[in-house]
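A.B. asks: Sequence:
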Amino acid sequence: MGKAKVLEGKRQWAQALDALNKVIVMHDWFLPALIEKAKTLMMTADWDQALEAAGRLQQQESNNIEALRLNVLFLLSRESRCDAAAERLQELVAALNQLEPRNHDLAMSCAQLFSRLAGRHKAILSITSQMVKRCTDAAPDQAKYLTELGYQFMMQGALTQAEQTFHLAVAKDETDVRT
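Taking the numbering used here, the leading residue of the sequence shown gets 253, the next gets one more, and so forth.
It should be emphasised that the hints constitute simulated quantities derived from the structure, not laboratory data.
Keep in mind it's a predicted model, so treat the numbers as computed, not measured.
For every residue, glycine included, the Cβ atom is placed at its ideal position computed from N, Cα and C.
Mixed in with the good hints, there may be bad ones.
With a straight-line cut-off of 25 angstroms between C-alpha atoms, the simulated SDA-like cross-links for lysine to any residue are [as the list claims (entries may be wrong)]:
#, residue 1, residue 2
1, K257, Q312
2, K385, L358
3, K274, M253
4, K255, W265
5, K385, A410
6, K374, Q312
7, K291, Q264
8, K257, M295
9, K374, M407
10, K255, K274
11, K396, R372
12, K274, W299
Restraint-style ranges between C-beta atoms, simulated for each label pair [said to hold, decoys possible]:
#, residue 1, residue 2, range
13, A390, S329, 27 to 35 angstroms
14, E415, K262, 15 to 23 angstroms
15, M253, S332, 32 to 40 angstroms
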């Protein structure tokens, strides 16, 4: 696994895949290797095999966060199927709530990524703003969550709410340049 990560860092995708395949063959139960393989395949734009690896992950672990993230990313970026992506995003939110309920940075990262790819699709923006709202409720002193919530409101066209949220973010942390 370490060799594969070094090769990924050097952008030597074929060698990284070879190393990951060796790990998967020797230890087929080791899901992190399959996760890395799916990510590496995605980096090489081999979406068919990446989705196949994600499918294998979900067969072994139905609510695997990385597999769900990959599926939503594929649906938004490659196929532009926003309604299907919104359904998968709901599954991802459920998995995050079950497996990583206190990992606000992971939820925030997912919300940011998918809201930027959503093309102002109302259903997706509604889900991502709920994700960010949950982060702000859990950590109300974090200006970065409030700033993102304001941005989410702005993308939805709720400019009054966005303005109020940005003011709250500035009140929490005046030194944060993102606010």
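A.B. asks: Decide, hint by hint, whether the structure agrees.
C.D. replies: Hint by hint, here is what the structure shows:
1. For the proposed pair K257 and Q312, the alpha carbon gap of about 23 angstroms is at most 25 angstroms, so the pair holds.
2. Restraint check for K385 and L358: the C-alpha separation of about 14 angstroms stays at or below 25 angstroms, so the hint holds.
3. Distance check on the hinted pair: K274 and M253 sit about 10 angstroms apart at the alpha-carbon level, within 25 angstroms; holds.
4. Restraint check for K255 and W265: the C-alpha separation of about 12 angstroms stays at or below 25 angstroms, so the hint holds.
5. The suggested pairing of K385 with A410 holds, with an alpha-carbon distance near 14 angstroms, which does not exceed 25 angstroms.
6. Straight-line distance between C-alpha atoms of K374 and Q312 comes to about 32 angstroms, which puts the hinted pair past the 25 angstroms bound.
7. Between K291 and Q264 the CA atoms are separated by roughly 13 angstroms; this keeps the pair inside 25 angstroms, and the hint holds.
8. With a C-alpha separation of about 13 angstroms, the suggested pair K257 and M295 falls inside the 25 angstroms cut-off, and the hint holds.
9. Pair hint K374 plus M407 holds up; C-alpha atoms about 9 angstroms apart against a cutoff of 25 angstroms.
10. Simply put, K255 and K274 have alpha-carbon atoms about 11 angstroms apart, close enough for the 25 angstroms limit, and the pair holds.
11. Simply put, K396 and R372 have alpha-carbon atoms about 21 angstroms apart, close enough for the 25 angstroms limit, and the pair holds.
12. Taken as a hint, the K274 and W299 pair is honoured in the structure, with Cα atoms around 21 angstroms apart against an allowance of 25 angstroms.
13. Distance hint check: the CB atoms of A390 and S329 are about 29 angstroms apart, consistent with the given range 27 to 35 angstroms.
14. The hinted window of 15 to 23 angstroms between E415 and K262 is violated, with their beta carbons roughly 46 angstroms apart.
15. Our hint of 32 to 40 angstroms for M253 and S332 holds, since their Cβ atoms are close to 34 angstroms apart.
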